[in-house]
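Here are the chains, one letter per residue:
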Amino acid sequence: MDYTNKIKKTIKSLEHLSKNQGIDLNDEINSLEKKLADIYPEQDSHYQEEKKQHTPWERVKIARNLERPKPQDFIENMIKDFIPFHGDRLIGDDNAIMGGIGYLKDIPVTAIGTRRGKDLKGNMDSNFGMPHPEGYRKALRLARQAEKFRRPVIFFVDTPGAFCGLEAEERGMAEAIARNLFELSDLNVPTFTVITGEGGSGGALALSVSNKIYMMENAILSVISPEGCASIIFKDSARAEEAASSLRLTAFDLFELGIIDKIVEEDKDFESNLKPTLDRLEEMLYDDVFRFSFMDEEKMKDQRYNKYRSIGFFEAEKAQIPEKLLSAANGNNNGNMNGRNNFLNEVARFFGLK
Amino acid sequence: MSAKIQDIIQNFLKTRKNKYQTYIPDNLFSQCPNCKKMVYKKKIDRNQGVCPDCGHHMRISNQQWMDILFDGETVQLLFEEYKTLDVLNFPGYKDKLDKLYGKNVNEGITTGKARLHGIPVLFGIMNTDFILGSMGSVLGERVARLFEKGKAQRLPVIIISRSGGARMQEGAVSLMQMNKTAAAIKRFSNAGNLYVSLLTNPTTGGVTASFAMLGDIIMAEPYALIGFAGPRVIEQTIKQKLPEGFQTSEFLQEKGFVDMICERQNLKDTLQKILKVHQY
Chain A
1 MDYTNKIKKT IKSLEHLSKN QGIDLNDEIN SLEKKLADIY PEQDSHYQEE KKQHTPWERV
61 KIARNLERPK PQDFIENMIK DFIPFHGDRL IGDDNAIMGG IGYLKDIPVT AIGTRRGKDL
121 KGNMDSNFGM PHPEGYRKAL RLARQAEKFR RPVIFFVDTP GAFCGLEAEE RGMAEAIARN
181 LFELSDLNVP TFTVITGEGG SGGALALSVS NKIYMMENAI LSVISPEGCA SIIFKDSARA
241 EEAASSLRLT AFDLFELGII DKIVEEDKDF ESNLKPTLDR LEEMLYDDVF RFSFMDEEKM
301 KDQRYNKYRS IGFFEAEKAQ IPEKLLSAAN GNNNGNMNGR NNFLNEVARF FGLK
Chain B
1 MSAKIQDIIQ NFLKTRKNKY QTYIPDNLFS QCPNCKKMVY KKKIDRNQGV CPDCGHHMRI
61 SNQQWMDILF DGETVQLLFE EYKTLDVLNF PGYKDKLDKL YGKNVNEGIT TGKARLHGIP
121 VLFGIMNTDF ILGSMGSVLG ERVARLFEKG KAQRLPVIII SRSGGARMQE GAVSLMQMNK
181 TAAAIKRFSN AGNLYVSLLT NPTTGGVTAS FAMLGDIIMA EPYALIGFAG PRVIEQTIKQ
241 KLPEGFQTSE FLQEKGFVDM ICERQNLKDT LQKILKVHQY
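Protein sequence lines correspond, in order, to chains A and B. Each residue of the first sequence is one higher than the last, beginning at 1 in the numbering used here. Each residue of the second sequence is one higher than the last, beginning at 1 in the numbering used here.
Fair warning: there could be bad hints in the mix.
Said to hold, decoys possible - BS3-like, lysine-lysine: derived pairs with alpha carbons at most 27 Å apart:
1) B:K255 - B:K273
2) A:K235 - B:K96
3) A:K235 - B:K94
4) A:K299 - B:K255
5) A:K299 - B:K149
What the hints assert, rightly or not - Just so you have them, the derived chain B footprint on chain A, three or more residues with Cβ under 8 Å:
6) 83-97
7) 245-251
Claimed, not checked - Here are the simulated distance ranges between beta carbons:
8) A:K34 - B:H117: 34 to 40 Å
9) B:N11 - A:I232: 54 to 60 Å
10) B:K83 - A:G87: 43 to 49 Å
11) A:S237 - B:Q240: 19 to 25 Å
12) A:Q43 - B:K83: 30 to 36 Å
13) A:S237 - B:Q31: 32 to 38 Å
14) B:Y223 - A:D267: 53 to 59 Å
What the hints contain is simulated information worked out from the structure, not anything from laboratory work. Every residue gets a Cβ at the ideal spot worked out from N, C-alpha and C, and that includes glycine.
Bound-form chain A, shown alone (with noise of 0.2 Å):
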């Protein structure tokens, strides 16, 4: 546990010295970042802690509370001199998605959010925070104004996927979704996900691929809701808390799998007084924004690609190899049979099996 605390000053100690004297150490500092992840869970009895709060159910419902702050609260607090923009220059708005300009602290963001009513009126405003086709393409069209002018991307996402209506299907909802997922991969700038509610599949995917992912605590990020794993899964809707655990859905078990990069912890009384939080949360950005202003662009867009790259759980099985062949390169000491050995040495070897 103490050696936990070691690091994290350290990284620290490297943040600063990278923003006194204006060098890149992304490199160093991505790397312990990601030693920590690796070990950080089990031997850390305070994240211990903090995940044994709430079952992954009780996120889920605080995640879904009408009285969570929502990412247009996020961004009326954490951006400045914010001014929103419209319309994604095809066919119209949509107000599922907002998206403008403004400062994070004293840099330059575009910042894009998914918006989402405390009421029936503000949700029915917003359609409940499903976004249709042009929503996702308006977020694409303000990404590529960010790269134009070399402003930093900040996503915050909390949606219950992609509205599944008629006119969506018809202005092509997977084309947008997939093009999203395409342009945004390669943008010339440093781009950030703030998860802060719910994350519903490929309607939040369109606006999380990005350089850093954060999650807040108690938000999830799922790739179909829990209501609708049980039903076909287990074909009892009813079992929706099971479904909850096993899809493993919380900020927590996204961390240790190594899909989040950091989780934010969020204070008991957030839903009220959210001003402390979304501090914490600015300074986390700001932080992580500023040192990747420093990076290289190819450097940057690498760091990206292999984030991305490298999320997969497989096993690669080995080539059979006939039991002769192997009990021969084994086995026999015969002095004769030297060269024999020698030969049946290296195919064993090109095989992977010494």
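Chain A is fixed; fit chain B onto it per the hints.
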């Protein structure tokens, strides 16, 4: 006495019955799901899996696809050694995997290299045998590697998609495969390489919203179901019946999301023409 004669007669009749009873095997005929006619199976196979009466494109196996599209003896399978892991310890997943691997079905996509009328191409053919062709880590890895190989060797890629979406038993890991494949395609595309995507019936969910809809040229088979959300989910959301032809390839072409609809009989020649224009 009459009982004995009856037995003799009955036995005699039985032998006659056995001698003259003709044996007709099962599975000689199958029913076309579209026109509901019974068609001789071998006729369908010879017609590349298309109903000779109504032209309905039926599901065919990976091997049949390779026979239709690629020159004989030129097919080389790639990345077959990846095996699915039960990452999340999802209930019931391991048994399902063991059963499927026992039947020798190796994940939802077969990737490889082959020649199409002499032109070397990289291909990926999806099938719905393995958990509805859903995208998990292995599928994502195979697709990403296919595109990386295509970029390194400057080969075109053809992917035939058929899927029910992302694999929920792998949770957010399968979600991230959408990102992974799209990023690999972006790098492949930046280098000026061609990717032709063929959408077949059905292609839905996370696969449509990632690599299937990112082809330079998007082709579709006639009357294939292609969309993001499934039709039942949409009906439940909007509480109305869906219009006729909704989410078919023809509908998508009309709305502007599919380049062309290609019948299976013309597929190999059309692909050859496309590859030749791209100077492969």
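Give me the numbers of the hints this structure contradicts, sorted from smallest to largest. Numbers 4, 6 and 8 - these are the hints that the structure violates, sorted from lowest upward.
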